[in-house]
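J.: The lines below spell out each chain.
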Amino acid sequence: MVTLTAPETFAPTAAPDAGQAVVDLAISSVRELNQAIHDAEDGQSWTVTNPGGKHSLAVGIDADIAVAIDGHAGYYAAGMHQKGSVAINGNAGVGLAENIMSGNVHVTGDASQSAAATGHGGLVVIDGNAGARCGISMKGVDIVVGGNIGHMSAFMAQAGRLVVCGDAGDALGDSIYEARIYVKGTVASLGADCVEKPLREEHLAELAELLAAAGRTDNPADFKRYGSARNLYHFHVDNSTAY
Amino acid sequence: MTITSVPAAGAAPIQDISELGLRESATFDRATIADIQRAAATGVYDIRGWGAKRKVPHFDDLLFLGASMSRYPLEGYREKCDTDVVLGDRYASRPLHLQTPVTIAGMSFGALSANAKEALGRGASEVGTSTTTGDGGMTPEERGQSRHLVYQYLPSRYGMNPDDLRKADAIEIVLGQGAKPGGGGMLLGQKITERVAGMRTLPVGIDQRSASRHPDWTGPDDLEIKIGELREITDWKTPIYVKIGASRPYYDTALAVKSGADVVVVDGMQGGTAATQQVFIENVGIPTLAAIPQAVQALQELGVHRKVQLIVSGGIRTGADVAKAMALGADAVAIGTAALIALGDNDPRYAAEYSALGSAAGFYDDFQDGRDPAGITTQDPELSSRLDPVVAGKRLANYLRVLTMEAQTIARACGKSHLHNLEPEDLVALTIEAAAMARVPLAGTSWIPGAGQGGF
Numbered sequence: 001m002v003t004l005t006a007p008e009t010f011a012p013t014a015a016p017d018a019g020q021a022v023v024d025l026a027i028s029s030v031r032e033l034n035q036a037i038h039d040a041e042d043g044q045s046w047t048v049t050n051p052g053g054k055h056s057l058a059v060g061i062d063a064d065i066a067v068a069i070d071g072h073a074g075y076y077a078a079g080m081h082q083k084g085s086v087a088i089n090g091n092a093g094v095g096l097a098e099n100i101m102s103g104n105v106h107v108t109g110d111a112s113q114s115a116a117a118t119g120h121g122g123l124v125v126i127d128g129n130a131g132a133r134c135g136i137s138m139k140g141v142d143i144v145v146g147g148n149i150g151h152m153s154a155f156m157a158q159a160g161r162l163v164v165c166g167d168a169g170d171a172l173g174d175s176i177y178e179a180r181i182y183v184k185g186t187v188a189s190l191g192a193d194c195v196e197k198p199l200r201e202e203h204l205a206e207l208a209e210l211l212a213a214a215g216r217t218d219n220p221a222d223f224k225r226y227g228s229a230r231n232l233y234h235f236h237v238d239n240s241t242a243y
Numbered sequence: 001m002t003i004t005s006v007p008a009a010g011a012a013p014i015q016d017i018s019e020l021g022l023r024e025s026a027t028f029d030r031a032t033i034a035d036i037q038r039a040a041a042t043g044v045y046d047i048r049g050w051g052a053k054r055k056v057p058h059f060d061d062l063l064f065l066g067a068s069m070s071r072y073p074l075e076g077y078r079e080k081c082d083t084d085v086v087l088g089d090r091y092a093s094r095p096l097h098l099q100t101p102v103t104i105a106g107m108s109f110g111a112l113s114a115n116a117k118e119a120l121g122r123g124a125s126e127v128g129t130s131t132t133t134g135d136g137g138m139t140p141e142e143r144g145q146s147r148h149l150v151y152q153y154l155p156s157r158y159g160m161n162p163d164d165l166r167k168a169d170a171i172e173i174v175l176g177q178g179a180k181p182g183g184g185g186m187l188l189g190q191k192i193t194e195r196v197a198g199m200r201t202l203p204v205g206i207d208q209r210s211a212s213r214h215p216d217w218t219g220p221d222d223l224e225i226k227i228g229e230l231r232e233i234t235d236w237k238t239p240i241y242v243k244i245g246a247s248r249p250y251y252d253t254a255l256a257v258k259s260g261a262d263v264v265v266v267d268g269m270q271g272g273t274a275a276t277q278q279v280f281i282e283n284v285g286i287p288t289l290a291a292i293p294q295a296v297q298a299l300q301e302l303g304v305h306r307k308v309q310l311i312v313s314g315g316i317r318t319g320a321d322v323a324k325a326m327a328l329g330a331d332a333v334a335i336g337t338a339a340l341i342a343l344g345d346n347d348p349r350y351a352a353e354y355s356a357l358g359s360a361a362g363f364y365d366d367f368q369d370g371r372d373p374a375g376i377t378t379q380d381p382e383l384s385s386r387l388d389p390v391v392a393g394k395r396l397a398n399y400l401r402v403l404t405m406e407a408q409t410i411a412r413a414c415g416k417s418h419l420h421n422l423e424p425e426d427l428v429a430l431t432i433e434a435a436a437m438a439r440v441p442l443a444g445t446s447w448i449p450g451a452g453q454g455g456f
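Listed in order, the protein sequences are those of chains A and B. In terms of the working numbering, the first sequence opens at residue 1 and continues consecutively. In terms of the working numbering, the second sequence opens at residue 1 and continues consecutively.
It should be emphasised that the hints constitute simulated quantities derived from the structure, not laboratory data. Fair warning: this is a prediction, and the values are worked out from it, not measured in the lab. For every residue, glycine included, the Cβ atom is placed at its ideal position computed from N, Cα and C. Accuracy of the hints is not assured; some may be wrong.
[Claimed, not checked] Cross-link-like lysine-lysine pairs, in silico, PhoX-like; alpha carbons within 25 angstroms at most: (1) K80(B) / K83(A); (2) K80(B) / K167(B); (3) K237(B) / K83(A); (4) K53(B) / K167(B); (5) K80(B) / K237(B); (6) K224(A) / K197(A).
[Stated by the list, open to error] Covered stretches of chain B, as calculated for chain A (at least 3 residues, CB under 8 angstroms): (7) 170 to 181; (8) 407 to 421.
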């Protein structure tokens with residue numbers, strides 16, 4: 001639960017130099033953590049211990065720093081990430097890396113729903129499974145999921161790439177714009193205006209690059225590509241039953 | 001009034017329908033007939049902007065009880081009546097301090113031209129109040145000319161950028177609009193120019209669908225966590241508003257407070273929009289007048305009235321409307337449609353061009369078409385260049401000053417040294433409906449219809 005009490009002013013007790021700084025959330029607050037990383041300079045690195053599923057961990061990072069969270073994170077971990085990297089050695093809650101702009105976020109476990117929602121750029125890697133609405137309204141982010149994803153993923157996805165090494169749930173890519181989806185396993189169903197498309201050489205190359213960036217060894221040729229049929233880009237009364 | 005009909009092909013023109021003794025159906029009046037004919041011809045519903053046109057109980061149905069014997073007025077041109085308001089001092093370390101409680105509602109770049117957005121910023125800044133972004137994000141012109149800029153955090157998250165979030169003076173989480181509570185939006189392809197498309201990450205020229213709900217949270221418990229995230233990103237400096245379309249304002253206001261909002265914005269059904277279905281505009285939501293007492297009741301019961309500020313919008317036109325909204329318990333108001341009119345929207349000097357579009361000055365509402373002769377609701381470079389942002393900004397500033405002075409005039413007559421000292425006791429209603437909705441007595445009586453039953 002988020003406290004709604006205005007926080008006390010925080011002054012980091014030990015500003016990290018070039019070395020590793022450790023924030024123990026059993027002792028420090030989320031506010032203290034975020035203020036410290038907002039005050040951080042490029043090149044610094046941080047380890048967060050005892051996260052305990054707390055919300056809003058390492059949000060709004062705007063410096064080229066590395067943050068490692070040892071344990072499970074709650075909602076909106078690494079939200080609006082702009083630079084550097086965040087590694088979560090555990091599971092992540094709703095809205096992981098929502099609206100990420102650049103940099104990368106890596107979760108070794110599973111992510112809940114709406115992972116990388118509305119992300120504009122950067123790379124989000126989830127080694128485990130992701131819940132419903134993964135990549136919803138994505139606007140340029142790249143997402144690589146090692147396991148399965150839930151229903152309505154990539155709903156109204158505008159740009160970017162979603163790679164799923166497992167299976168996809170119902171209504172994949174519903175009302176998709178120009179985002180591209182690659183799925184290795186099965187797709188329960190495709191959403192409105194989402195169709196399977198040929199996997200050409202440029203797509204194999206793109207996919208290989210994304211898989212490599214995510215540290216995976218899957219064979220790109222085992223995937224299928226999905227994208228927009230572009231039939232619903234303009235409202236037309238004859239398509240009214242498609243919505 | 002002489003009503004001239006459109007003659008059938010080959011028929012002699014009829015100059016005056018009233019001479020025929022015809023009686024128009026109240027159910028199937030000419031506007032309704034035209035709607036049916038248009039639907040039958042096209043097979044699609046009508047989309048337009050500019051908010052509800054039907055008459056509903058509104059501020060016109062309330063009157064102020066100026067002072068005489070039992071109340072003591074202030075001198076109109078001598079004694080001070082303050083107008084400033086502080087918004088968002090519940091948790092944020094940098095609340096907004098505005099010189100007038102009349103703010104500019106969110107309207108997007110995309111729906112509006114860049115010149116129009118700049119003009120809104122110029123006008124608002126000149127009188128010390130705030131303007132608000134919209135779907136499409138923050139433009140440099142708007143930020144540059146806006147002393148106080150509220151950044152809308154919308155379901156679509158078009159143009160959402162943490163850099164802009166940190167540049168904002170306040171963040172407004174939009175859950176709904178008064179014109180269409182629960183509805184998304186559709187910006188037609190002709191307004192998706194290269195710049196608009198770039199800001200929204202969309203292909204040029206396609207129809208843009210705006211989501212009706214946020215993608216990464218659902219209910220109030222999630223919203224509380226989302227607000228926590230926004231506070232963390234902005235280091236608890238920036239006030240967080242929550243904007244709701246008026247439908248269940250008592251419950252929605254209470255939940256917004258519970259979620260941690262610094263400011264609650266309630267937009268009544270008379271609120272404008274850039275484009276949505278006419279049937280939606282006219283039939284979903286409740287009037288602004290009915291929404292305010294419900295929202296105020298929720299704030300009072302939670303013990304946060306005047307601590308969590310209430311901004312009311314939806315059909316504000318005059319200083320009397322401002323004063324009435326504040327007397328009912330609002331801390332500030334927001335204007336949208338009226339601000340566009342002040343800039344020059346529906347200007348009679350473009351009468352011929354409105355006519356060519358099948359409309360008329362004072363009636364033009366096809367904002368989605370992007371062919372606005374006034375250069376306000378368009379992305380056409382030639383049309384938008386017609387609006388001089390400096391001149392239009394000055395017009396808006398003038399209008400905002402008039403609204404403020406009018407409200408002050410009424411407040412002084414009621415003996416108030418600050419607009420916030422206006423209270424429901426200063427008001428009576430002209431109709432039973434307005435009395436019941438506003439929870440003030442019917443004029444000349446002590447009767448408040450539904451009193452004791454209208455609460456929650």
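J.: Can you name, in rising order, the numbers of the hints this structure does not satisfy?
T.: Numbers 1, 2, 4, 5, 7, 8 - these are the hints that the structure violates, sorted from lowest upward.
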